Every structure is written in structure tokens, then in C-alpha cells.
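Protein chains: 2
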Amino acid sequence: MRIAVLGADGYLGWPTALHLSAQGHDVVAVDNLIRRRWDEECGTGSLVPISSMEARCARWQQVSGRSITWHNVDLRDRDAVEQLVVAIKPEAVVHFAEQRSAPYSMISPSHGVETQVNNLVGTLNLIYALRDHVPDCHLIKLGTMGEYGTPNIDIEEGFIEIDHNGRHDRMLYPKSPGSVYHLSKVHDSHNLEFACRVWDMRATDLNQGVVYGTTTDECAQHPELATRFDYDGIWGTVLNRYCVQAAVGEPLSVHGKGGQTRGFLDIRDTVRCIELAALNAPAPGEYRVFNQFTEQFSVLELAEKVKHARAAHGLETEIHHVPNPRRELEEHYYKARHQHLLDLGLQPHNLSDTLIDHVIQAVETNISRVRRETIAAAVDWRRGGGLYRAPAASTLATATAR
Amino acid sequence: MRIAVLGADGYLGWPTALHLSAQGHDVVAVDNLIRRRWDEECGTGSLVPISSMEARCARWQQVSGRSITWHNVDLRDRDAVEQLVVAIKPEAVVHFAEQRSAPYSMISPSHGVETQVNNLVGTLNLIYALRDHVPDCHLIKLGTMGEYGTPNIDIEEGFIEIDHNGRHDRMLYPKSPGSVYHLSKVHDSHNLEFACRVWDMRATDLNQGVVYGTTTDECAQHPELATRFDYDGIWGTVLNRYCVQAAVGEPLSVHGKGGQTRGFLDIRDTVRCIELAALNAPAPGEYRVFNQFTEQFSVLELAEKVKHARAAHGLETEIHHVPNPRRELEEHYYKARHQHLLDLGLQPHNLSDTLIDHVIQAVETNISRVRRETIAAAVDWRRGGGLYRAPAASTLATATAR
Numbered sequence: 053m054r055i056a057v058l059g060a061d062g063y064l065g066w067p068t069a070l071h072l073s074a075q076g077h078d079v080v081a082v083d084n085l086i087r088r089r090w091d092e093e094c095g096t097g098s099l100v101p102i103s104s105m106e107a108r109c110a111r112w113q114q115v116s117g118r119s120i121t122w123h124n125v126d127l128r129d130r131d132a133v134e135q136l137v138v139a140i141k142p143e144a145v146v147h148f149a150e151q152r153s154a155p156y157s158m159i160s161p162s163h164g165v166e167t168q169v170n171n172l173v174g175t176l177n178l179i180y181a182l183r184d185h186v187p188d189c190h191l192i193k194l195g196t197m198g199e200y201g202t203p204n205i206d207i208e209e210g211f212i213e214i215d216h217n218g219r220h221d222r223m224l225y226p227k228s229p230g231s232v233y234h235l236s237k238v239h240d241s242h243n244l245e246f247a248c249r250v251w252d253m254r255a256t257d258l259n260q261g262v263v264y265g266t267t268t269d270e271c272a273q274h275p276e277l278a279t280r281f282d283y284d285g286i287w288g289t290v291l292n293r294y295c296v297q298a299a300v301g302e303p304l305s306v307h308g309k310g311g312q313t314r315g316f317l318d319i320r321d322t323v324r325c326i327e328l329a330a331l332n333a334p335a336p337g338e339y340r341v342f343n344q345f346t347e348q349f350s351v352l353e354l355a356e357k358v359k360h361a362r363a364a365h366g367l368e369t370e371i372h373h374v375p376n377p378r379r380e381l382e383e384h385y386y387k388a389r390h391q392h393l394l395d396l397g398l399q400p401h402n403l404s405d406t407l408i409d410h411v412i413q414a415v416e417t418n419i420s421r422v423r424r425e426t427i428a429a430a431v432d433w434r435r436g437g438g439l440y441r442a443p444a445a446s447t448l449a450t451a452t453a454r
Numbered sequence: 053m054r055i056a057v058l059g060a061d062g063y064l065g066w067p068t069a070l071h072l073s074a075q076g077h078d079v080v081a082v083d084n085l086i087r088r089r090w091d092e093e094c095g096t097g098s099l100v101p102i103s104s105m106e107a108r109c110a111r112w113q114q115v116s117g118r119s120i121t122w123h124n125v126d127l128r129d130r131d132a133v134e135q136l137v138v139a140i141k142p143e144a145v146v147h148f149a150e151q152r153s154a155p156y157s158m159i160s161p162s163h164g165v166e167t168q169v170n171n172l173v174g175t176l177n178l179i180y181a182l183r184d185h186v187p188d189c190h191l192i193k194l195g196t197m198g199e200y201g202t203p204n205i206d207i208e209e210g211f212i213e214i215d216h217n218g219r220h221d222r223m224l225y226p227k228s229p230g231s232v233y234h235l236s237k238v239h240d241s242h243n244l245e246f247a248c249r250v251w252d253m254r255a256t257d258l259n260q261g262v263v264y265g266t267t268t269d270e271c272a273q274h275p276e277l278a279t280r281f282d283y284d285g286i287w288g289t290v291l292n293r294y295c296v297q298a299a300v301g302e303p304l305s306v307h308g309k310g311g312q313t314r315g316f317l318d319i320r321d322t323v324r325c326i327e328l329a330a331l332n333a334p335a336p337g338e339y340r341v342f343n344q345f346t347e348q349f350s351v352l353e354l355a356e357k358v359k360h361a362r363a364a365h366g367l368e369t370e371i372h373h374v375p376n377p378r379r380e381l382e383e384h385y386y387k388a389r390h391q392h393l394l395d396l397g398l399q400p401h402n403l404s405d406t407l408i409d410h411v412i413q414a415v416e417t418n419i420s421r422v423r424r425e426t427i428a429a430a431v432d433w434r435r436g437g438g439l440y441r442a443p444a445a446s447t448l449a450t451a452t453a454r
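So the sequence lines, in the order shown, correspond to chains D and U.
Residues in the first sequence are numbered from 53 upward in steps of one, following my numbering.
Residues in the second sequence are numbered from 53 upward in steps of one, following my numbering.
Chain D with its partners taken away, still in its complex shape:
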């Protein structure tokens, strides 16, 4: 299948491009490399050194004998998106190419507006280009479980059956997102549902949970195939950050009470889920939503799992409850359905002490690159703020070499 992976320079986009290529698909990788520039702005950086897209694609060709075509395209540029779609005529498009950090979107008004405009305009340009040039193409769009918030009822997969005043309908599941970034994904979901309903497009909206892990089968084949690993307060996800804190001997910082419960999944399951979605396209006109996660935990439970994994090696780990920079419920009901991908054949990698050990080992390999001052959350949901100091010149040189 001819598949374009948009956002192919990111934490998940790159492993997805590799996985789809390894499975025999004809992969076109697209990105505008903005994430590397955002790192410079934020004073952050991947713990694991990452190569340029050119070097990665060349290495993959050498390792696997398979080629990935690479295009530097900004989805905000409508003409460029149209030209890309016309040139490659994809059968499926996997769309990761959005600003994906909740804290980044809360830094300032301009970061909030930038996030919504970037995500909405890119996705709209893509929808229009597919509608007008490859209307049968299957758009696989990354959303987030964070669109739902933490309702007091079970979370369904995108739709809910409602009985009301003696009548019935199947409706979009109501959303209550927790950041300006999460809002942008809710907006995308509505735009996508409309495109399917009115223009007969076909789309899968993957409401993904929080991803953890450092590598996949394909990324592990050569250091130049590694994907980025974020551990800072802006781009890092919670379990990855705990692992870095454990590796450097700092207490694990739990926001508030720590009862915040979310869906989680292993990065190896992300790439498999994407392939399952691609192999099982919806009908024309169908807007389909999968909740893409495998297990749910509270952030305190995750900290305790890391502590437990360390204790098995005789290592002590402290857990600190720090003031919560976010505005969110810290104790709440949470039960989210995630059946559709299992029905398509997903075999989950459940979270284990072994995986935690593995992540911590990966951190230890690069421990000299940890910038401790960037681990703590710095963006407050009420006051904004929170860019880290720009990295020192020596660190910048390393960043440029990446």
C-alpha cells in the first residue's frame, strides 16, 4: 500500500514510517522539521541523539534494502500540500504532523494561537487536497484520549448511543479537553467527521493514550534509526520522565494527588495500531474512531511501578507530590473502552518491570545528555510561562550535530 506518513520526524512518526516500510508498504515520509526548531525555542532536546531525515532514510535503505522517500513539506502551505498529494497519490495518509504538547500550548497566548492554527490549518489543507485529488484515500489521523477529559461516565470510542425524552440517536461523544492543544484535536475531530459526512471521505481518528518506551523493532536495528526521546516538562510524557528521574537519582515528581488516570500504551503498540488501521480501511463516508491505548493507570500508580522496578535491583526511589501546574481533577472516575483495535488483532505489550528497566537503561546510556533543569514542569495552566533557559553554547553544538 502506498502510505504517506506526515510528521515523520517525530517520536512516533519515524517509528511508524519504519514499521510500515518493514511490513512491505511503500512509504513516503513528510515533515517540516519544526519540532527541532521548537526544541531550540524551548531549551529542550531529545535524550537519544537523532539523525537527520536524510541520514535516517539512507541508513534504513542500507539496513533493510527498502526505501522511504522523504519530503520536507509544511502542511500550512496549501499549494505544497496539494502538490504533494497529486505527486504521490497515497492510498492512505497517516497524519501525526501537529503541535502535540499540551504544556507548549499553554506557555502564552501566542503559543496557544500558534498551536490551534498550525493543527487546524494543516489538517484542513490535507482534507481539501485529499478530497479534490484522491477522494478514496484513507486518512488516519492522530487524535488523543485527552479530547474526552475525565467524564463521570464510561468513555466510548468516539460515539455514544443516547436515549433522551423517549427518542434515540447515536451521537459524537461529548468532549471536555484539558488544554489548548487538546482543544485543537477536538476541533480536528469535528472537521474530520464533517469531511466524511458531507464529502464522503473515509477517515480513522485514533484517540491515542500516553505513549511510553524508547524504541521499536525497526528503530533498534541501528543507532541512526533511533527515534527521539523527550523527558522534559514540555515534550516528555509522564512514564518516560519518571524513568529519567529514576536514572539520575531524583525523586519522581507526581502532580498533586496523582489520581489523574489516563490510557497508556507502548510505542511498539502505536506502530502496530497504525498498521492495523491502514489494513482495515473504513467505507467511503465513514468517520471511525478508535481509542488507541492498552491499559489505564493513574500517574501515582505509574510512579509506584517505577519505584517497584528499581527496588528489584536494590535501588531506593522517592516519590514527591509537587503542586499541580495543570488545572485538572486529581481524583475521578475513569473507564475508557478500547476494543476496536483489539478486534482487529492488536496484541498489547502490557507495561512490565522489564520495560521500565529497558527505558532506564536507555536513559543511562545517554545520561550525560540529561539537562536536569528541564525535567520539572515549568508551564502553569493558569499563569502560562515556562520556557527553559536557552541551552548553553556547548549543548547547542551537540543539538546542531543531531
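Bear in mind the hints are in silico, worked out from the structure with no lab data behind them.
Incorrect hints may appear among the rest.
Since copy identity is lost for identical chains, a pair holds within one copy or between any two.
Only pairs whose alpha carbons sit at most 20 Å apart, straight line, appear in this in silico SDA-like list of lysine to any residue [as the list claims (entries may be wrong)]:
no.	residue 1	residue 2
1	Lys141	Asp184
2	Lys309	Glu353
3	Lys387	Glu213
4	Lys357	Tyr440
5	Lys387	Leu224
6	Lys309	Tyr385
7	Lys387	Asp221
8	Lys309	Glu356
9	Lys387	Gly218
10	Lys309	Val250
Values in this document were obtained by computation on a predicted structure and should not be read as measured data.
Add chain U to chain D, keeping to what the hints say.
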């Protein structure tokens, strides 16, 4: 009360500014006049001649002895919005300042993107400026009944109580909007709800129905106080367009079967609803939704009402069913609650033959200005298209003189 009216150059913004001023409020009128430029782009124009904002404000001062301060500000300019808010420190902001035509948003991909960016960025800039400088200000935002679509269950006012798998929650009412424009209002609603929940702002989201009528008590006081009247296929609302068709002796054009049912209200009720919302602010942190309409009709019922009103004068009117340029249900259940504004004291002006006569008379006064070629719907929901030819030079001269 010190109230800013954003979008004060529009069909409803201008009468609202006048009404609030007449009621003794201290009104600041804000617009960027883009609607007049969009008319030039589309080959459309107000049937009723409208004065410049300067002339209108001067005339209002002369007629009423009350002053309205006028600012030309583009809400997409964050610094300008911030300066405006700091300068006037409003207690309430009435926000009409959006691209508000569904057909306009469906002309082309660039019109769709422009609509969403214009509406989202303007509203986000406003939210941030209020949050940071007048956090207690009450934001009264115009949404649309079209956000709900046509669900098979009763439409509630913004929220719905859901029982699901033995548990209960009060959630945002699910939305199924029918155009890229309507989508932009859904996005705004989510952003607004978030601002209240996370930043303790106070907002009223007015999901307004389709407005008909030409004038209000204040606009009627002098020709220079008139508000615009759109009758074309891009900007005109359905009843106003039927009245123009009746006046020029053309058949009334009903899209498809005509069972499309919507909420409607008289322009005089719009201005009263806005004042009622302003006089009864929500608590800090409260996001409140009112469905702002007074009666519901199908578009075929409306055509029959116009035909009936004409028959009373011995005039024959034909009704033609034309191919529906939109993608929408033409026969469906529709029952929408609209209780909150009645509870606050709204006394509706129900639609009557007299009102229809009055609108047709207003059309007849300006009948030489009707551009017949712009009455038919020209934008197709599937194929886009549909700008009218640019007006002839002689018409342009008239337009410029407006």
C-alpha cells in the same frame, strides 16, 4: 454598563450597538469593516443603503443625544485586541465579529480555511485579552443553532444529562454542524467552555437561530441608522431572500423538499436577547448556553407563509423546489429547547403576515438596487464555486457611495 460590541458594522452588530446605547449603556463599537470588502469580492451588496460607521455614530449622537465610540480593530491582530481591552476595560463584550456565512465558507478551500482561522484566532485573541486584563468581564459570544445539526433527539441548551451504564454526567450537547462555517462556531464553543472551566472566565454562548427582518426601533429612527439587508445566495437568510423574490415577482426557491427545519427569530428579538444576557451575567467560571430563537419552521413552511401574506393582497406567488446545493437532511425530527431567554423576560415577536408585508415594503423601497443574478444559491456544498460576477461599474459606484 460599559459594553463593547464587536462586529458592530454587521446586520445584527449595528442594531445591537444602537439598542444597548438606547437602553443607557456605554457602548464601544468595534469592527474591521471586512464585511464590506467581502461584498466586493463576492459581487454582493446590502439592499438597504448603509452609511459609514463614522456617519452612523454621528447621526446617532444627533438623534439620541447619546454617543457610541467607534474603533476600527481587526481581532486577528492580538496586540490591537489587547490594547483595545486595556483601553476600554469593558464589563461585557458582545462578540459578533466573525465570518458568518455558511455558503462563503464552502466556496473553496481557501475560503474554508480563512473562515476557521478568522473566527478562531479572533475569538482566542479576545479570550486571552479578557483573561489577562479584565478577567471578570462577561463575554457574550454569538454561536448558532446550526452547531447542533438535526439530531433525532430533542436539542437542549448547550448541555445534556446523560445516563450511561449505570452512571450519570452533565455533558456538552454533541454537535453535528453543517458547514465549515458552522464548524468554526463549534470550535469557538469548545474554546469558550475551556476558558470558563480552566481560567474562571464567565461567558454566555448564544446559539442563535436564523434572523429575519429589516429594522429595529433604533435603526428606524433615521435612514442613516439603517442596518444592512442581505438577500443574496451567500449572505442572505432564507426568509429575507423569499421576501425579495416575492417583491421582484420571482418564484420562491425552496432547496429540495423543504422539510429542513430551523429556529428563527425577529431582528428585534436579537437585540433584546443580547441585552437580557448582558443584564444577567453568569457567575465566574460559568459557561452558559442559550438557544436564541423564538419559533421553528421548515423552509417550505416559510415559503408558504410568504405566499399567504401576498395572497392577502391578491398577489400570486409561486414556490419552486430547486436542487439543494447543500448536503443536509430534507426531512427530519427537530425540536429545540429555547427556555432560558424566556425565563429572563424575553417577549417574542412571533412571525406574522404584517412582518412579512413590512419586509417586502422595505424591499420595494429599494427595488432598483436588487441584483437579480445574486439571489439564487451559487455555492454547492460538494463542488464549491459560486462567487457572483463582479458588479458592473455603475453598481460599484453606488456601492462606494454607501
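**OP:** If any of the earlier hints don't hold here, list their numbers in rising order.
**Re:** Checked against the structure, the only hint that fails is number 4, while the rest are satisfied.
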